[in-house]
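**Student:** If you want the building blocks of each chain, they are given just below.
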Amino acid sequence: MITTFLIITISMALGAMAGLYFSKRLTKRANYFDSLMELLNLFMSEMKFKKTTTKQVLAEFQDRGKTPLNININEYIDCNDFSSLKLSKGILTDSERNEVKKFFLSLGTSDSHTQIFELENFRERFSQMQNQAQEKRKKYGSMSIKLGFLAGLAVGIIFI
Amino acid sequence: MQTSLEKILPSKVVLAMKKCLNFEKLYEIRLRTNKPIMVNYGGKYFVLSTFGIKETIDDDAFIVGEGVINDIVVKASDYSLYAVNEQICAGYLTIRGGIRLGLGGEIVWDGGKVKTVKNFSSLNIRVPHEIKNCAKRVFNVSVEPQIKNTLIISPPGAGKTTLLRDLARLAASNAPIKNILLIDERNELAAVANGVAQLDVGTSTDIISNCSKEYAFESAIRALRPDIIICDELFGQSDLVAIEEATLSGVKVFASVHASNHHDILAKKGFENIAKKRLFERYIILSSKHGPGTYDAVYDENFNKIHVF
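Heads up: the sequence lines are chains A and B, in that order.
Using the working numbering, read the first sequence as starting at 6 and increasing by one per residue.
Using the working numbering, read the second sequence as starting at 385 and increasing by one per residue.
Take these hints with a grain of salt, some might be off.
[Unchecked claim] Under the rule of at most 20 Å between Cα atoms (straight-line distance), these lysine to any residue pairs were calculated in the SDA-like manner:
#1 A:K56 <-> B:A607
#2 B:K499 <-> A:E123
#3 A:K56 <-> B:N578
#4 A:K60 <-> B:N454
#5 A:K56 <-> B:D648
#6 A:K91 <-> B:D455
#7 A:K56 <-> B:C404
#8 B:K391 <-> A:D86
#9 B:K499 <-> A:T114
#10 B:K391 <-> A:N85
#11 A:K107 <-> B:C473
#12 B:K391 <-> A:T58
#13 A:K56 <-> B:E470
#14 A:K53 <-> B:C473
#15 B:K391 <-> A:I82
#16 B:K459 <-> A:T58
#17 B:K499 <-> A:F122
#18 B:K391 <-> A:S88
#19 A:K56 <-> B:K499
#20 A:K55 <-> B:C595
#21 A:K53 <-> B:D455
#22 A:K60 <-> B:C595
#23 A:K60 <-> B:K459
#24 B:K502 <-> A:T114
[Stated by the list, open to error] Computed beta-carbon distance windows for the label pairs:
#25 A:S50 <-> B:G541: 40 to 50 Å
#26 B:K391 <-> A:S50: 21 to 31 Å
#27 B:K409 <-> A:D86: 25 to 35 Å
#28 A:N126 <-> B:S633: 25 to 35 Å
#29 B:G541 <-> A:N126: 39 to 49 Å
#30 B:N517 <-> A:D86: 33 to 43 Å
#31 B:K396 <-> A:E43: 52 to 62 Å
#32 B:S588 <-> A:S89: 40 to 50 Å
#33 A:N79 <-> B:E450: 24 to 34 Å
#34 A:N136 <-> B:K396: 44 to 54 Å
#35 A:S50 <-> B:V398: 29 to 39 Å
#36 A:N79 <-> B:R606: 39 to 49 Å
[To be verified] Just some of the chain A residues that point at chain B, by a computed CB distance under 7 Å:
#37 K56
#38 T58
#39 S115
#40 G146
If you are wondering where the hints come from, they were derived from the structure by calculation, not from laboratory data.
Just so it is clear, CB atoms sit at the ideal spot from N, CA and C, and this is done for glycine as well.
Chain B extracted, bound-state conformation (with noise of 0.2 Å):
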């Protein structure tokens, strides 16, 4: 992961944060032009300085010059900007070590659609950490003593991908052996590089990556079988409704969403009538009050909490 951050970032920021940082705590970094790198270490935002990271601005602090990012962005898709056009369209471009770039810039617009992205000028690399066994905590009331569709709720950078990669190891993990199904839709879950999964997402699981959750759920589930399917993000209509089919499929489902509670989520188009027909059996709420990945509640399909911590 330290490897594919070296390869894209310039060798005087790669410097400072070998010298000052220790990986295990960086989550992000983000590069603004003409404005200071700023990093998110251990939770929190600091300025990136040749001297490491400090709360304030000051004159040793990393300035990002014009057309640095532009140069990062095209070093991160291995100098084949071309090939990965299509991720770019929709915001993001992930590299090896499943590390995500989200990009900022001028959109360029062609028959209603999005053509491509130029002049980058915001850059937020969000760094993976495969924390084994952080959901060991909850994998009894979403797996044991039957499987439940569980939805992950946390707020961005709260670590739901980190508990969901983790829920999917070890439900492909232990016994009696479940076929897993990981829809990757942005290459972070497993990191699939070369046909290879990079972080461990268990023993029996079958990956599809860089598709929508919508294709994956129609051909994968005739295709592959699985008991289990496990995806991120969870967005829009087309999201819910691909969900939908595959539970009254028989298919067990663990996604996650984006939003701070249960109260959030119900307020979400479409979401209100998923709870309606109690599709999700659990819900765990994250939060990052405590540091990324803190457990703040788990409920089951009709909202009542469960005490499992």
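Excised from the complex, chain A in its bound form (with noise of 0.2 Å):
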């Protein structure tokens, strides 16, 4: 009796653990959009009416506060031969983190006329992937732990 207990009450455990995993990396995947955007208004801004250079641009998103961005941001900052620059994955697939790069190399590499209509583009497409990452996280986010916990049950009962 105990040890069925034991397996149910373990399995339940695993399954909202899991749950919360997903539940967290969805919603680091919609901080990390937000962040995005964040930082492409920030570029925006400062182009329009500053001046700034791009890696006085970063330091100054960086010191708002720690983002999933920062990373790639670092990333991007220590690069030396941007030909070669690597972004690591993190929660995102391939094919947004291929964005991101296009994104961070076009940084600066043309008139700020060029510049922010490139940004506006950008700012099209990581809008979709936002409101993407948000839905999902509206949708799945509170569910997955649950879901988590009832899937554990289950697993635990039919293990038993």
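With the hints as a guide, bring both chains together as one complex.
**Tutor:** Here it is in structure tokens:
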């Protein structure tokens, strides 16, 4: 009886943990795109009015606080040869990472009119990604812990 | 200065230059797409190759690949072309250490104005040299016993900017204390970075960089009340008008202009009038006859030769 109870409790806890991990991942993705949009907006205003350099804008953004984007920003800042820029994938899909890489590589490579036009295009694409990530977080974020818990319970019962 | 070059040039080129060249003798690095890299070394042009500099092009010569110049310009702008577009539109870009990149490429026009330059195809990297006391020989004729409006006349690459910089340093460091205003239109006289001059232009020198002479003369005479204004490369009527107004306000001017001698100056539009009015009291002629910075002659306001050397 005690063994049965233990097995069910452990599988429920494991299920809940898997759900929590999945939920955190969704939140992290949504936060990543939120901070990417924030960075884009900062770039656009700094470029239009102050003509601050790319590195200064990135430093200002990092001073605002820790975001999931900071890892990629550091990889960009530390890179000496942009033809071999590598961004860690983290919570992004391959296509999302490529898009973020394109964004970083486009920074500071044209005059302000062209640069702002490019940034607006990126904003459109990242805005779609942001909406999708936020929707998924809303839809599955809180539900995933409950589902994980129930799945764990089901696995425990089947196991017995 | 060397570090600034290392940051923007391809590593192979930097390695070859470090191995074979003395940076003190390096005046220019010229890059043209699909052509070999040339350097002005000690006043003479050479082809840069893996094993040093040569007078002829051989298989070891560094050939500039497509896109290389673009990369250099982007690096030179600190990955922020949008922030330096005004300089790019004027055909140059100045980086840390006063190194000036002259740019060649496709001009993009918009409404009769240069919007930007794209597809850079030529680059002339000019390396400044700080030669302290090189102006000592002409200092007496320009500043002692009283300050005189002085025009330095020289062809490109003959050392007029170096001379002007040292003249500023000497004038700003000698007693009695004089307030010097340095108008550094292309940021190569003082090479200001983050508000700090990287080249020595004296202790009582105020610097206005990256702005037109017209604006600087207009605003700074009232605001900074200088005794001497120093500016490089006079060009066009607006510069001459600004100089004339400054001298009429009692401010002395040290300036430079591209020309081979004083006869060329008189043939330049607007300068004849300046000469007639005797606005400049000293004309210093430089050449590269015996290397950059060779003094050819010094003339007074009536173009009578003064023997000072």
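**Student:** Checking each numbered hint in turn, tell me which of them this model violates, lowest number first.
**Tutor:** Of the numbered hints given earlier, those the structure breaks are 1, 5, 7, 11, 21, 22, 28, 31 and 40, listed in rising order.
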